[in-house]
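Q: Going line by line, the protein sequences match chains F and L. Per this note's numbering, the very first residue in the first sequence carries number 1; after that it's consecutive. Per this note's numbering, the very first residue in the second sequence carries number 1; after that it's consecutive.
Please note: incorrect hints may appear among the correct ones.
One copy or two, either will do: identical chains are not told apart, so a pair holds if it fits within one copy or between any two.
To be verified - Restricting the straight-line Cα-Cα distance to at most 30 Å, the calculated cross-link-like pairs of lysine-lysine (DSS-like) are:
| # | residue 1 | residue 2 |
| --- | --- | --- |
| 1 | Lys68 | Lys89 |
| 2 | Lys68 | Lys214 |
| 3 | Lys122 | Lys236 |
| 4 | Lys293 | Lys122 |
| 5 | Lys66 | Lys293 |
Treat the hints as calculated values from the structure; they're not laboratory data. Please read all numbers here as calculations on a predicted model, not as lab measurements.
Number of protein chains: 2
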Amino acid sequence: NNNNNPPPEVVHYYMSNLTTSRDPIANQETVLILTPLARFYQEYWDNLLSLNYPRSLISLGFIIPKTKEGSQAYALLQAQITKTQSLPKGKRFASVTILRQDTESPLQTQNEAERHKISNQKVRRAAMAKARNSLLFTTMGPTTSWVLWLDADIIETPPTLIQDLASHDKPIIAANCFQRFHNPETNSPDSRVYDLNNWVDSPTAKELGAKMGKDDILLEGYGEMPTYRSLMVWMKEDGGDPGKEVELDGVGGTALLVKAEVHRDGAMFPAFAFYHLIETEGFAKMARRLGWKSWGLPNYLVYHYNE
Amino acid sequence: NNNNNPPPEVVHYYMSNLTTSRDPIANQETVLILTPLARFYQEYWDNLLSLNYPRSLISLGFIIPKTKEGSQAYALLQAQITKTQSLPKGKRFASVTILRQDTESPLQTQNEAERHKISNQKVRRAAMAKARNSLLFTTMGPTTSWVLWLDADIIETPPTLIQDLASHDKPIIAANCFQRFHNPETNSPDSRVYDLNNWVDSPTAKELGAKMGKDDILLEGYGEMPTYRSLMVWMKEDGGDPGKEVELDGVGGTALLVKAEVHRDGAMFPAFAFYHLIETEGFAKMARRLGWKSWGLPNYLVYHYNE
Ligand SMILES: Nc1nc2c(ncn2[C@@H]2O[C@H](COP(=O)(O)OP(=O)(O)O)[C@@H](O)[C@H]2O)c(=O)[nH]1
Ligand SMILES: Nc1nc2c(ncn2[C@@H]2O[C@H](COP(=O)(O)OP(=O)(O)O)[C@@H](O)[C@H]2O)c(=O)[nH]1
Ligand SMILES: [Mn+2]
Ligand SMILES: [Mn+2]
């Protein structure tokens, strides 16, 4: 060794040392929280900070579109990150990565009515799939045990979200995503269903798929295309056991915990029609093809922002 | 900030700053060389060291199976890495990551006859696909411009391999993989075709696929299953232009340069039948579904070890 610098580290990882267990805190399992972020809501950040999983075991990854809205969101996010990452060591996240996209968003505006138009869905979901993949492929490391997909507009979850989902020891597990609103009929606070992408497949949907062109996709929640799938949002029972599990064929990405090994095996978010499914729904199908099942918790709720 | 440590770095990446150009050295583009490695050949390492792309722009990633052979390969690889990474700074690789698999290899032995039996192919190629995905998903970072897939038994390439492949500015580009041997008939050195996975599709193969069960895969190079695909190995011309390009429908992984954005979009190595294709061949198809084409250089040769 003929210079003064120590040789750069060669990093060895024994994949068998990486666990994903029912008790991830006791086993010091690392969690990568991934959020595609088009808009910044302070309530999202506050809820993230309210999670009581040790922050030193959490890494954060964001991907932000190249739009004006994206630039605003970026500035707001950065301000909050700087604040949190200036806290004493134990209260900071292990690391934070922000990717700024180079592709234009396919939609000019992100307002809900525009986003949810059926004619916009395929191009929008394909772009979302690519954004999720870019984020995943560049932030997951050899020591990541779990990946929590958490949308930027999820503003209320139990503080034990990570532990609760992990305690089921499932490869892929989704919380049930609702939305709080003020009900004008009763003039009181209420909640309604939001994420329709968590579902159990139906014969009708399969038949629809079989008749489609190879690039066509099935979408959930559009009257023009009734699938008769069993949606997890409708499985919620009043006072029901939050630990109740159902096996799912499609999942959404609003609040979804995935064992990192599922992604490592190659399960990603197809930006093309995969069994006529795309993005998170296609992900569940791809994971299934790799031997991994998806699950949902109908009575375990998280809440989406109400625009 | 109420302690003495600086806050941990928050890393921002502008994806538009990441280029993949015809002149990657001038543009300081980083290359991640990924090698699934079941056996270590000194000739592989020596050839790797002979590449004249700046090492400071190259990161290496290896994945090694959990077999006795794997342990031997691991020890030999480590010894060489230690040696190279102790060189003065400019002569070291930017970083080296070694993943040791936790899953058993599906095959007990790695000898060529056993590996190439048709009955072993599906389980073997699926395991290879998962190994490649694990390696890719955990080593690719936000600053990776190119990924060079280089098998551990590629023992001879031009020293300008990376620049030469990159100069074509293709999303995916494969060298043509041959094997040197001593020809007993002529009693002189000779070479013969090796990697049959670089091909242009045929109507016969498509028809075979259409008649197969959904989990069945097409394999190349087996007399029992003639596909009549045009294999790149047979397109080599004596004294032919090494710059000649052909568009491919299937690729092999022996020496394959991929723009990192192709992987980032979600193109991975399917461990399941994807359009009746698996692993590297399935990767080409998946990339195509994502809008990326594959190319090969029939007259640009690399050589596989002769067991
Ligand atoms: N990076 C990125 N994130 C996006 C883009 N569009 C939406 N998002 C984010 O992706 C997640 C899901 O999108 P959203 O529009 O909320 O979907 P919806 O709730 O199903 O209508 C949210 O966290 C958004 O902030 C985009 O073009 N790029
Ligand atoms: N990590 C890992 N690498 C493997 C395994 N089997 C083979 N390899 C490596 O993967 C590459 C391709 O495999 P190889 O057996 O050479 O394929 P062939 O040349 O097509 O017969 C080579 O670099 C091998 O060293 C395995 O089970 N795990
Ligand atoms: Mn949303
Ligand atoms: Mn080989």
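Q: For the identical chains here, do Lys293 and Lys122 meet the 30 Å Cα criterion within one copy, between copies, both, or neither?
A: both (25 Å within a copy, 22 Å between copies)
Q: Is the C-alpha distance from Lys66 to Lys293 at most 30 Å within one copy, between copies, in both cases, or in neither?
A: between (34 Å within a copy, 26 Å between copies)
Q: Under a CA distance limit of 30 Å, which applies to Lys68 and Lys89: within one copy, between copies, both, or neither?
A: Neither: 34 Å inside a chain and 42 Å across chains, both beyond 30 Å.
Q: Is the C-alpha distance from Lys122 to Lys236 at most 30 Å within one copy, between copies, in both cases, or in neither?
A: within (28 Å within a copy, 42 Å between copies)
Q: Is it within, between, both, or neither for Lys68 and Lys214, if the alpha carbons may be no more than 30 Å apart?
A: neither (35 Å within a copy, 45 Å between copies)
The structure does not agree with the numbered hints 1 and 2 stated previously, though it agrees with the rest.
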